[in-house]
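Sequence order for the protein chains is A and B. Numbered per our numbering, the first sequence spans residues 14 to 186. Numbered per our numbering, the second sequence spans residues 14 to 186.
Hints are computed from structural coordinates only; laboratory data are not their basis. Incorrect hints may have been included.
List time: in silico EDC-like cross-link candidates among lysine to aspartate or glutamate, alpha-carbon distance up to 20 angstroms [as the list claims (entries may be wrong)]:
(1) 97/B to 114/A
(2) 97/A to 151/A
(3) 97/A to 146/A
(4) 97/A to 135/B
(5) 97/B to 76/B
(6) 97/A to 76/A
(7) 97/B to 165/B
(8) 97/B to 135/A
(9) 97/B to 78/B
(10) 97/B to 151/B
(11) 97/A to 78/A
(12) 97/A to 114/B
(13) 97/B to 182/B
(14) 97/B to 136/A
(15) 97/A to 136/B
(16) 97/A to 182/A
(17) 97/B to 146/B
(18) 97/A to 36/A
If you only want the chain A side, here are some residues facing chain B, beta carbon under 8 angstroms, derived [to be verified]:
(19) 28
(20) 29
(21) 30
(22) 37
(23) 40
(24) 53
(25) 96
(26) 97
(27) 103
(28) 108
(29) 115
(30) 117
(31) 122
(32) 123
From the three backbone atoms N, C-alpha and C, an ideal C-beta is built for every residue, glycine too.
Residue strings, one per chain:
2 protein chains.
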Amino acid sequence: MALPRYYTQQACGLARALEVVGERWTLLIVRDAFYGLRRFGEFTAHLEIPRAVLTERLNRLVEADVLARVPAAAGRSEYELTAKGRTLWPVVRSLMSWGDEHYAVAGPRRLFRHAADDGPLDERGICAVCGREIAIGDTVVVPGPGLGPPSDDDDAVSAALRDPHRMLEPLRD
Amino acid sequence: MALPRYYTQQACGLARALEVVGERWTLLIVRDAFYGLRRFGEFTAHLEIPRAVLTERLNRLVEADVLARVPAAAGRSEYELTAKGRTLWPVVRSLMSWGDEHYAVAGPRRLFRHAADDGPLDERGICAVCGREIAIGDTVVVPGPGLGPPSDDDDAVSAALRDPHRMLEPLRD
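Build the full structure now, drawing on both the sequences and the hints.
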């Protein structure tokens, strides 16, 4: 891990976590990686993040072993969550649930379901049908009531995420 | 809630949550409020945060109804978590657990136990003794193996947190 940059006097796990994922945009990038985004252009299209910022954040996440840069077609690179990166799902989920609970007037934009039995997952990732805690790879993200109708302005990623989609799987075939 | 400042194109719960608690230092302040810190001077002593930054962050947290400013002795104000603020505990806990899991070489600095039966709580807040999910008010924070020995340089807050302490309760009598 890189040396502490911000919280030099703070040695607790929270401060260490925030050193890695606490910068602006970083957890949105990680969230999108859980949704199956892998390409630089997918992140820029979906997040409308400045390219220089995205480059810096991706480099930091690779350096921290949260994302891995993997070779793809046509000499390009793609980014995928590492095993360590996938352990960030409770972090992303808890923040998303908190924001939905307090700020989503029309309800959540995305909901999560258990792939095997289609049961809805609660904020702890527990399936209402089988009662088990569902792993991220067995979770499907589906549109929620807060998503709103499709728009001609929707980017390709937003459009793809209007269909139920298994987490971590690439958005395209 | 204030208008979105950073993620204007991002309407998901995660972006909304990060608008409120995603700024540098904010979640460390919230963590400390869970530990029972209430006074401006306690936060500055424990966090070594610049006073102007702390003032700005506290104002934002009050504005967002995460903290409430309450009158205290000698005309001072104190800060306490609101009901909404207390729902941030899964966020703080999940980030702390992630940081501890991946970066705490000597183990966590703080551990959490169930006040009623002294059972250790896991990263989901579930007690190993009674098997139930324990509310924040029934949780005790105790020193963990990563805390290290006391030092003459310890501030009063750090020293107070060397004893088991029930979450949310003020640090002093």
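task = With chain B as the partner, please determine if residue 37/A meets the hint condition of a C-beta pair closer than 8 angstroms.
result = OK, holds: residue 37/A within 8 angstroms of chain B, min 6 angstroms.
query = Does the structure keep residue 97/A and residue 182/A at a Cα separation of 20 angstroms or less?
reply = The hint holds at about 17 angstroms.
query = Does the CB of residue 28/A sit less than 8 angstroms away from some CB of chain B?
reply = With Cβ-Cβ at 6 angstroms, under 8 angstroms, it holds.
task = Would you check whether residue 108/A satisfies its interface hint, that is, whether its CB is within less than 8 angstroms of any CB in chain B?
result = The hint holds - residue 108/A has a Cβ within 8 angstroms of chain B, the shortest such distance being about 4 angstroms.
inquiry  = Given the hinted pair residue 97/B and residue 78/B, is their Cα-Cα distance within 20 angstroms?
reply    = holds, 7 angstroms
request  = Verify the interface restraint on residue 30/A: the C-beta must sit less than 8 angstroms from at least one C-beta of chain B.
outcome  = holds, 3 angstroms
query = Does residue 97/A pair with residue 78/A here, judged by a C-alpha cut-off of 20 angstroms?
reply = Roughly 7 angstroms separates the two Cα atoms, so the pair holds.
Proposed interface contact between residue 122/A and chain B, which counts if any beta carbon pair is under 8 angstroms = holds, 5 angstroms
request  = Would you mind confirming whether the straight-line C-alpha gap from residue 97/A to residue 136/B stays at or under 20 angstroms?
outcome  = At roughly 16 angstroms apart (the allowed maximum being 20 angstroms), residue 136/B and residue 97/A satisfy the hint.
ask   = Holds or violated: residue 97/B with residue 165/B, Cα cutoff 20 angstroms?
value = violated, 37 angstroms
query = Does the structure keep residue 97/B and residue 151/B at a Cα separation of 20 angstroms or less?
reply = Holds. Residue 97/B to residue 151/B sits at ~17 angstroms (cutoff 20 angstroms).
query = At a threshold of 8 angstroms, is the proposed contact between residue 115/A and chain B supported by beta-carbon distances?
reply = With Cβ-Cβ at 6 angstroms, under 8 angstroms, it holds.
Comparing the model with each earlier hint shows violations of hints 7, 24, 25; every other hint is respected.
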